[in-house]
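Trainee: What follows is the residue order along each chain.
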Amino acid sequence: MKQMTLIAFVGALFVFASGPVMAADPIATLRGAALDIQPKAPMMTRQVNTDIREVRIYPEQPPTIPHKIRGYQIDLKTNKCLSCHSRTAIGVSQAPMVSITHFMDRDAQVLAAVTPRRYFCTQCHVPQHVNKPLVENQFIDADALLKK
Amino acid sequence: MLAKAVDLWKLLWRPSRHFSLAFLTVGGFIAGIAFWGAFNTSLELTNTEAFCIGCHEMRENVYEELRSTIHYTNRSGVRATCPDCHVPHNWTDKIARKMAATKEVWGKVFGTISTREKFEGKRLELAKHEWARFKANDSLECRNCHDFEYMDITLQSPRAADHHTRLLAKGEKTCIDCHKGIAHELPDMSGVKGWN
Numbered sequence: 100m101k102q103m104t105l106i107a108f109v110g111a112l113f114v115f116a117s118g119p120v121m122a123a124d125p126i127a128t129l130r131g132a133a134l135d136i137q138p139k140a141p142m143m144t145r146q147v148n149t150d151i152r153e154v155r156i157y158p159e160q161p162p163t164i165p166h167k168i169r170g171y172q173i174d175l176k177t178n179k180c181l182s183c184h185s186r187t188a189i190g191v192s193q194a195p196m197v198s199i200t201h202f203m204d205r206d207a208q209v210l211a212a213v214t215p216r217r218y219f220c221t222q223c224h225v226p227q228h229v230n231k232p233l234v235e236n237q238f239i240d241a242d243a244l245l246k247k
Numbered sequence: 399m400l401a402k403a404v405d406l407w408k409l410l411w412r413p414s415r416h417f418s419l420a421f422l423t424v425g426g427f428i429a430g431i432a433f434w435g436a437f438n439t440s441l442e443l444t445n446t447e448a449f450c451i452g453c454h455e456m457r458e459n460v461y462e463e464l465r466s467t468i469h470y471t472n473r474s475g476v477r478a479t480c481p482d483c484h485v486p487h488n489w490t491d492k493i494a495r496k497m498a499a500t501k502e503v504w505g506k507v508f509g510t511i512s513t514r515e516k517f518e519g520k521r522l523e524l525a526k527h528e529w530a531r532f533k534a535n536d537s538l539e540c541r542n543c544h545d546f547e548y549m550d551i552t553l554q555s556p557r558a559a560d561h562h563t564r565l566l567a568k569g570e571k572t573c574i575d576c577h578k579g580i581a582h583e584l585p586d587m588s589g590v591k592g593w594n
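Chains as they are written, first to last, in the numbering used here: chain A, 100 to 247; chain B, 399 to 594.
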């Protein structure tokens with residue numbers, strides 16, 4: 100036991116001592132600057148507010164939100180999203196209704212209202228920003244993949 | 399007692415013996431200006447945000463909620479203060495609201511909403527009062543700044559333009575029908591029309 104502690108101590112000492120050396124290594128990171136330098140914060144980008152539905156890049160993808168949602172309250176008391184997207188609200192709002200899958204419990208039994216497990220919209224659905232990707236993305240759409 | 403009151407009544411209706419007519423009219427006029435100035439100044443003093451958030455019921459509560467919303471912080475720095483939305487700007491309506499607000503003094507004295515929990519308990523009821531007021535005056539306090547006549551629909555997002563032309567322009571809906579909870583947190587909305 101004592102030996103183990105000693106090994107751990109020496110190990111910790113080694114990691115500590117080699118820390119600065121590792122920071123100096125030219126490792127490609129998203130940070131873009133050494134650890135001891137505070138890089139300039141990038142500009143805030145514009146949130147997409149086109150109200151145009153985006154293509155899903157794979158069938159199960161939760162659709163993105165094509166509008167701003169600043170201040171939208173989603174908690175135990177209420178859900179602002181549902182004030183437009185609920186089954187009864189879309190007559191006035193003309194917004195797309197929440198999918199029927201959101202009414203299903205985990206046994207695929209369809210209930211009368213949105214189930215608690217699908218209640219918190221922004222767990223899956225998110226608004227978008229127009230951003231240049233920080234790293235190259237090699238994602239291939241399923242359709243393109245099938246043709247390969 | 400009654401005889402004294404009758405005497406006073408008679409005195410009030412008798413012409414003045416010691417004061418000139420000029421003194422009474424000019425003096426009365428000046429006194430009137432002083433009274434009116436004092437009345438209106440103190441009224442306007444109660445119509446400021448500093449007065450509203452002078453009590454913790456507002457300051458550590460609904461005012462904190464407002465601070466992250468667009469009506470408090472935004473790109474152009476134009477903002478709404480409490481009375482801009484909660485007190486009518488028109489004088490007679492303002493006085494009517496101020497008289498109704500005497501009940502809030504009662505609430506303050508008896509600590510009706512002296513804690514966050516008490517406030518949350520009454521939130522739906524209080525919110526309903528405001529919604530009813532906005533609904534009754536066609537969201538006048540919104541329109542004091544957001545005048546539909548000067549809205550450029552083409553600069554709005556497609557869904558906003560659609561809703562404003564389809565529902566607001568025709569008078570089918572008023573601002574508060576869709577924009578509830580724009581400046582403060584919403585209460586439990588179950589049972590409120592249009593909400594689930």
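If you're looking for bench data, these hints aren't it; they were derived computationally from the structure.
Careful, some of the hints might be misleading.
Under the rule of at most 25 Å between Cα atoms (straight-line distance), these lysine to any residue pairs were calculated in the SDA-like manner [as the list claims (entries may be wrong)]:
#1 B:Lys591 with A:Lys139
#2 B:Lys571 with A:Thr221
#3 A:Lys167 with A:Asp204
#4 A:Lys176 with B:His484
#5 A:Lys176 with B:Ser588
#6 B:Lys501 with B:Lys520
#7 A:Lys176 with B:Met399
#8 B:Lys571 with A:Ala188
#9 A:Lys179 with B:Pro556
#10 A:Lys179 with B:Asp560
#11 B:Lys571 with A:Asn148
#12 A:Lys176 with B:Lys496
#13 A:Lys179 with B:Ala530
#14 B:Lys533 with A:Val191
#15 A:Lys167 with A:Ile199
#16 B:Lys496 with B:Leu443
#17 A:Lys179 with B:His561
#18 A:Lys167 with B:Cys576
#19 B:Lys568 with B:Glu583
#20 A:Lys139 with B:His484
#21 A:Lys167 with B:His544
#22 A:Lys179 with B:Thr471
#23 A:Lys176 with B:Glu523
#24 A:Lys176 with B:Trp593
#25 B:Lys501 with B:His561
#26 B:Lys526 with A:Tyr171
#27 A:Lys179 with B:Lys533
#28 A:Lys179 with A:Thr221
#29 A:Lys179 with B:Ala525
#30 A:Lys179 with B:Lys501
Counterexamples of contact, computed for chain B against chain A with all Cβ distances above 12 Å [what the hints assert, rightly or not]:
#31 Ala420
#32 Ala432
#33 Glu442
#34 Val507
#35 Met549
#36 Asp550
#37 Ala559
#38 His561
Using N, Cα and C, we set each Cβ at its ideal position, and we do this for glycine too.
Trainee: Evaluate the condition: distance from the CB of alanine 432 of chain B to the nearest CB of chain A exceeds 12 Å.
Mentor: Its Cβ never comes within 12 Å of chain A, the nearest being 46 Å, so this holds.
Trainee: Sort out whether histidine 561 of chain B lies within 25 Å of lysine 179 of chain A, counting only the CA atoms.
Mentor: The given pair, whose Cα atoms are some 16 Å apart, holds under the 25 Å limit.
Trainee: Compare the distance between the alpha carbons of lysine 176 of chain A and lysine 496 of chain B with 25 Å, and conclude whether the hinted pair is satisfied.
Mentor: 31 Å, violated
Trainee: Quick one, are lysine 533 of chain B and valine 191 of chain A close enough, alpha carbons at most 25 Å?
Mentor: 18 Å, holds
Trainee: Confirm or reject: alanine 559 of chain B is not an interface residue toward chain A, with every Cβ-Cβ distance exceeding 12 Å.
Mentor: Contrary to the label, alanine 559 of chain B does not stay out of reach of chain A, its closest Cβ about 9 Å off (not over 12 Å).
Trainee: Starting from lysine 176 of chain A, check that the Cα of glutamate 523 of chain B is at most 25 Å away, please.
Mentor: Distance of about 14 Å is within 25 Å: holds.
Trainee: For aspartate 550 of chain B, which was marked as not at the interface, is the minimum beta-carbon distance to chain A over 12 Å?
Mentor: 16 Å, holds
Trainee: Regarding the pair lysine 571 of chain B and alanine 188 of chain A, is the alpha-carbon distance no greater than 25 Å?
Mentor: Status holds; Cα separation ~14 Å.
Trainee: Mind verifying the non-interface call on methionine 549 of chain B? Its CB should be farther than 12 Å from each CB in chain A.
Mentor: 17 Å, holds
Trainee: Holds or violated: are the alpha carbons of lysine 568 of chain B and glutamate 583 of chain B at most 25 Å from each other?
Mentor: 29 Å, violated
Trainee: Measure nothing beyond the straight line between the CA atoms of lysine 571 of chain B and threonine 221 of chain A; if it is 25 Å or shorter, mark the hint as holding.
Mentor: 28 Å, violated
Trainee: Is lysine 176 of chain A close enough to methionine 399 of chain B, meaning Cα to Cα at most 25 Å?
Mentor: Violated: lysine 176 of chain A and methionine 399 of chain B sit about 61 Å apart, past 25 Å.
Hint violations for this structure: numbers 1, 2, 3, 7, 12, 19, 20, 25, 30, 37, 38, all remaining hints satisfied.
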